[in-house]
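The sequence shown maps to residues 1 to 297 in my numbering.
Be careful, since some hints might not be right.
When the alpha-carbon atoms are kept at most 27 Å apart in a straight line, the in silico DSS-like pairs for lysine-lysine are as follows [what the hints assert, rightly or not]:
1) Lys-248 x Lys-274
2) Lys-82 x Lys-34
3) Lys-248 x Lys-266
4) Lys-245 x Lys-274
5) Lys-245 x Lys-266
6) Lys-253 x Lys-266
7) Lys-274 x Lys-253
None of these hints come from the bench; they were simulated from the model.
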Amino acid sequence: MTITSLRRQLLAGETTASAILENLAGEISARDGKTGAYLSHDLESALAEAASVDLSLPLGGIPIGIKDNMNVLGQPCTCGSKFLENFISPYDATVIKKLRAAGAIPFGRLNQDEFAMGSSTENSALGTTRNPRDHDRVPGGSSGGSAAAVADLTAIATLGSDTGGSIRQPASHCGVVGLKPSYGRVSRYGLVAFASSLDQIGPLTRSVEDAALVLQAIAGFDPADSTSLDVPVPDYVSGLNDGVKGLKLGVPKEYFGEGIDPGVRKNVESAIQKLAAQGAEIVEISLPHTEHAVATY
Numbered sequence: 001m002t003i004t005s006l007r008r009q010l011l012a013g014e015t016t017a018s019a020i021l022e023n024l025a026g027e028i029s030a031r032d033g034k035t036g037a038y039l040s041h042d043l044e045s046a047l048a049e050a051a052s053v054d055l056s057l058p059l060g061g062i063p064i065g066i067k068d069n070m071n072v073l074g075q076p077c078t079c080g081s082k083f084l085e086n087f088i089s090p091y092d093a094t095v096i097k098k099l100r101a102a103g104a105i106p107f108g109r110l111n112q113d114e115f116a117m118g119s120s121t122e123n124s125a126l127g128t129t130r131n132p133r134d135h136d137r138v139p140g141g142s143s144g145g146s147a148a149a150v151a152d153l154t155a156i157a158t159l160g161s162d163t164g165g166s167i168r169q170p171a172s173h174c175g176v177v178g179l180k181p182s183y184g185r186v187s188r189y190g191l192v193a194f195a196s197s198l199d200q201i202g203p204l205t206r207s208v209e210d211a212a213l214v215l216q217a218i219a220g221f222d223p224a225d226s227t228s229l230d231v232p233v234p235d236y237v238s239g240l241n242d243g244v245k246g247l248k249l250g251v252p253k254e255y256f257g258e259g260i261d262p263g264v265r266k267n268v269e270s271a272i273q274k275l276a277a278q279g280a281e282i283v284e285i286s287l288p289h290t291e292h293a294v295a296t297y
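Throw the hints in and build the complete structure from the sequences for me.
In structure tokens:
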């Protein structure tokens with residue numbers, strides 16, 4: 001169940017946007033009691049959007065789950081905190097406007113560490129999210145709900161926010177694709193800030209192609225965010241099969257010191273070898289202040 005496969009079914013008339021939403025709502029009811037990825041979901045409002053969605057648009061008819069620190073008009077935005085449990089968003093964040101312009105339907109508010117300050121989604125004041133691969137383990141954080149929903153098949157794709165790993169780390173924990181875009185590529189307007197010089201919004205999906213499709217929709221300049229880049233947005237999907245030949249990749253030697261889990265080290269080194277075998281140039285670099293990174297962050 002990917003964006004790509006569902007788009008094919010939608011365009012072929014084999015399913016409808018409403019049917020996809022109703023199926024997801026059923027999966028949430030059946031599965032999310034154990035996982036706890038969702039804080040809320042408004043099926044009635046989503047179905048109203050689905051009734052008039054333009055299927056010819058790039059994400060036409062696709063529901064996208066939203067981390068609960070992004071404003072969606074008329075929906076709660078709690079940031080995982082009781083301070084905001086009664087707050088209702090008075091406007092759409094820019095990424096939500098862009099998703100809707102691409103035909104997507106925002107559906108569901110996803111759990112997170114309170115105000116995005118955490119790495120396990122145990123620190124939400126509104127409940128703990130568990131890893132759907134093993135409910136005795138954490139999903140990572142702070143976008144743990146966004147990653148867990150994709151892994152648990154209760155979301156097709158989601159948005160998360162990443163300040164110091166909050167998309168990438170839960171994606172790794174849950175076995176899904178997570179992408180933190182380059183700073184300034186995606187507008188932060190309507191995202192509740194954690195650290196404004198580091199925050200970025202990005203996709204969590206079940207495939208790299210799906211991540212490219214979502215990034216294509218949400219990227220671009222926004223005059224409401226002075227840090228967004230006024231540069232053209234490339235066609236991310238068309239470049240997926242270009243390969244890595246000629247790409248230069250730096251590998252910081254300090255990342256392989258004491259404390260790294262042997263299994264993690266083995267997998268990272270295996271990935272580096274595969275990239276090299278496909279033509280990437282691997283260069284060892286040094287980041288001498290790495291030991292101070294966590295304390296500084």
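Run the structure past the numbered hints and jot down the numbers of the failing ones, going up. none
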